[in-house]
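Asks: Chains as they are written, first to last, in the numbering used here: chain L, 798 to 1252; chain F, -13 to 187.
These are calculated hints, taken from the structure and not from any lab test. Note that CB positions come from ideal geometry on N, CA and C, so glycine has one too. Do not rely on the hints blindly, as some may be mistaken.
As the list claims (entries may be wrong) - Covered stretches of chain F, as calculated for chain L (at least 3 residues, CB under 8 Å):
no.	segment
1	116 to 129
2	158 to 171
Said to hold, decoys possible - From chain L, some residues computed to sit far from chain F (all C-beta separations above 12 Å):
no.	residue
3	1045
4	1058
5	1087
6	1088
7	1112
8	1118
9	1201
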Amino acid sequence: MVHEDPGEPALLYVDLHLIHEVTTPQAFDGLRLSGRGVRRPDLTIATMDHNVPTTEGPIHDPLARAQLDALRANCAEFGVPLYATGSGREGIVHVIGPELGLTQPGMTIVCGDSHTSTHGAFGALAFGVGTSEVEHVLATQCLPRPRPKTMRILYTGDLPFGVTPKDVILGTIGKVGVDGGVGHVLEYAGEAIRALSMEGRMTICNMSIEAGARAGMVAPDETTFEYLENRPAAPRGADWERALERWRELSTDADAVFDREVEIDVAELEPQITWGTNPGMVAPVGGVVPDPADVADDDERAALERALSYMALEPGTQLVDIPLDRVFIGSCTNSRIEDLRAAAAVVAGRRVHPRVRAMVVPGSAGVKLQAEKEGLDHVFEQAGFEWRRAGCSMCIGMNPDVLGPGERCASTTNRNFEGRQGRGGRTHLVSPPMAAAAAIAGHFVDVREWAGVRA
Amino acid sequence: MGGGAGVKAFRALTATAAVLDRPDIDTDQMVPKQFLKRIERTGYGEFLFHDWKKDPAFELNRPEYAGARILLAGPNFGCGSSREHAAWALEDYGFEVIVAPSFGDIFFTNAVQIGLVPITLPAPELKRLIESVVGGGELTVDLEAQTIADSAGGVVSFEMDAFVRHCLLNGLDTIARTLQREAEIAAFEARFPSPVETTAL
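Excised from the complex, chain F in its bound form (with noise of 0.2 Å):
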């Protein structure tokens, strides 16, 4: 469970890289709404782009971004739903980094709590990444160095949020980590009694 116990650390990564550079992916594409249904947190690879996939010219159905673990992507990337559904997905499917120049804020923040690495890096950089791996590539990422290269040589530098990159490259379990602050939870809740309550109603 992603937060929780048994989230992946993640330092570097050699592998396929796939180009999916549209603006605005919503996680609405990502995992339509009839496998909200489903109470498993696993097996929701399947149904990553549902409707999209059903289009043989989708852009993940090319063979060669077969076993793809690098996703290409264009801006404002999960935008939309709040649906960790989305992440979990990408996720089981076989990504390992996502690499926008933009992200939606609640699909970032769910992509990290599952050690789902997203790299935002500017338009122009991605750009030329993107015609490096068209028609079959690979990219190794190094979280570690905080660079992507390319197998021609070329090397770009990303930055990210030191705490984010902290949380991803020791698999934290956020949720222990906060319960270490059980004394201040508790002097704060003492301080500042809670204005509702929701039993009482």
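Only chain L is shown next, with the shape it has when bound in the complex (with noise of 0.2 Å):
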């Protein structure tokens, strides 16, 4: 913290400022318009990813190619470094950020995107920011910020079998509401946190804002130091031991108080799938499209038909018997290398379902590149998956990939809301073995009936 007066927000130091092509053409605009530079470009790092196309080849449409060309020119003069798609280093800003290293724990990290909860998972305070403070990030590396609210989801039980740290955030969305975090910071705690992979966790704080918080964050532990160590931006040598002390009193203290606390027994989860068009519209696998008849509240029911309206279900569905049309796997909840094992896990040997057109998207070159060397790109493409170049994809439908009007989409992404993948598609949000079982059935299934599935 910089400084901080009563009354007045705290002014904040940005410790790592992530770009993109989309946030960010307007904020280098404003610099050149009041004749201000990037103060620290060594703090500052920018990938190609919302509207690069996952295919080989040109970018066919002019407007994605001029965003992408103004990035690289803003880059080249302000000084900032540039993952550019084929620089091998490039891919979705939240799976690239980790995966360097640069995401440590204490930093302060923005980026124009609302997911940059995302790098809350090794104990950073991350949240995203409008084009506005993108251009202050770059003019003063600072940032104001109000002191937020503090909100702790203490998770108790063991997570079952077939149920994975997207079903756990979906659940807990459906609990707490898409607004139940407004205004605070989360904390996930628990054993059943404890016991995550940085993978799990950074699934689980990406979706923080689909709770309405800015940020989420995991208090860093040896899971998080193990993943750090060696990689390329991490500390070496006497810098590394140094940097484990002072991570290693991140934790929360034990008497610490919140304003809100949530308690939610991960034993007894389900998988999950939304069935409408916002995050905390979600039921488990077993249950059915809800009926608005039962529903007291007249504002709730008219959301409630509005959803099942778009969504085209009828009260009573079972949430199995949902045909699908697409299935994507990728995204900055779901694309890392754990989430592309699961998924593959459970295609090996199988085939997707005839109607269905299924798609998987690495989330960074790095990952594309373990994966292959894992084998799972065979095992996706013998089991009629198309296998993709890393992107933002068919999360956000900035690039070719997106739904046709009324095609319904089994998705491991973040948001379900009308149009997200494509004016008139409809998404369905759930975990990688989910959306795998799915392409392959045609329909939704209960991964964990699967036999010999390791979901």
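With the hints in hand, could you dock these two chains into one complex?
Replies: Here it is, written out as structure tokens:
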């Protein structure tokens, strides 16, 4: 913290600023208009992710090409390192930060993207900002921020077989609501979180914003340190030892008081499927599409009716009976190596249903390379999946990967908003194993019931 | 550019109020992704609620809301994506004030950055305001007095963080404000050298 006056937001120092093509061109224009520079290009890193095609070859969309060219020119003008497509280090901004070891415990990290909360998995304070604040950070390396409220979500019990971190966070959002975390920073705590890998923790922190919270965090521990050791930007030698000492002090005090506390028993969780048009509209795999007639509140009932109308679903339909046209495995939520391994384990030796078009988009060039080393690309391709290049792809549909009107997709992404994956497209959010199983069956299935599947 | 020079100061406004009383309106609906490829800062008003506006029954298509500069909306307005384009589009369309029971955190900050006034009002009080303008009507928003008045003489007070209000009333250039702390920023950098160096990777 650089400065704090009573009654005013604190001035925070930003240790790492991640940027991408979509939310930065106007910020760089703003710098030029005001004659300001980039204060710390050495704490800034750029990648191309949102609108890059996931197929080989040139970019046909002139607007996308112009935006990528603008990023390239801006990075060159201001000396910001850029991992462009083809560099071997490109990928979704929230996948490459951790992968390169740039994301470290105790840091303050911002990015013009709401899923910046992902980096909270390392015990960093990480949150999304708009373009004006991107400009603010470029110019000053600081950001004024009021002190947020705090909320702890304590997870007890052991995660059952076939239930993944994605199901944990979807179940959590279903419980607290899409505005449950507004104004708060979340801490995900408890033995069930401690037992998770970094990939799993990132999946959970990633969707904090879907619960309304700008940031979500997990206290760093040995799992964190093991993940970071020897990554390109991680400290080495004596610096590593000093960093460990510092990082070990970053846990929450035992007697810490939170503004709000929620407890969730993960042993009770089932695989989750969203049926509506926001991530809080979610039910366990054994459930049914809810009936608006059961809702007493007029506003809630109207919202439910609109959601079911958009999703073309009848109340009472078993979720497993919903037929699918598309399956997408990817996004900053679920495109890391563990996600791809879990999905590949489900599809190995099986075939994608003839009606379904299924696609896997690794989160980064690094993840793609690792998956190919393990032969996962062959597993997916032999099953009938398309194996693509890294990017945000059909999570946001800014590149050519989009749903057609009326198409229904099982997706490992983070938002089932109307039109999110393509105008008129219908998105159901699920875990990677659930998406993989749905691709094979052509409809949702309870992945726990598939013999021989280690989800 | 929001945050930088040229943020408009806001004191008070009497204008037509439009009602969009749906919960959890996400920024994807305000500006769908295909318009985020533009590198310009202006001209997003025509894309506001692009898909919803195709429905003739959509609230903002009603003739009585033509020229509205105040928007009364449902809870958690502006949830989801951080795209500031959503705030730019609302402003470019003509809105100067948004009143809702709650806002998405990032949207709220983005709105303040560009001088679009987000007012949080408890749902019951907002419902009464909505009833006063359904079918068309004006409201007067006074940021100095922190009140909203309807044309029948009803007045409701609202709360707002003092610093946010100060920024909106004065159209503050927050970047210039931070740059005034240059000496402190430099001292911080000297004391806490950065743990990473992106240019050395």
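Asks: Run every hint past the structure and note whether it holds.
Replies: Hints, one by one, checked against the model:
no.	hint	result
1	116 to 129	violated (count 0)
2	158 to 171	holds (count 8)
3	1045	holds (15 Å)
4	1058	holds (20 Å)
5	1087	holds (16 Å)
6	1088	holds (19 Å)
7	1112	holds (19 Å)
8	1118	holds (27 Å)
9	1201	holds (14 Å)
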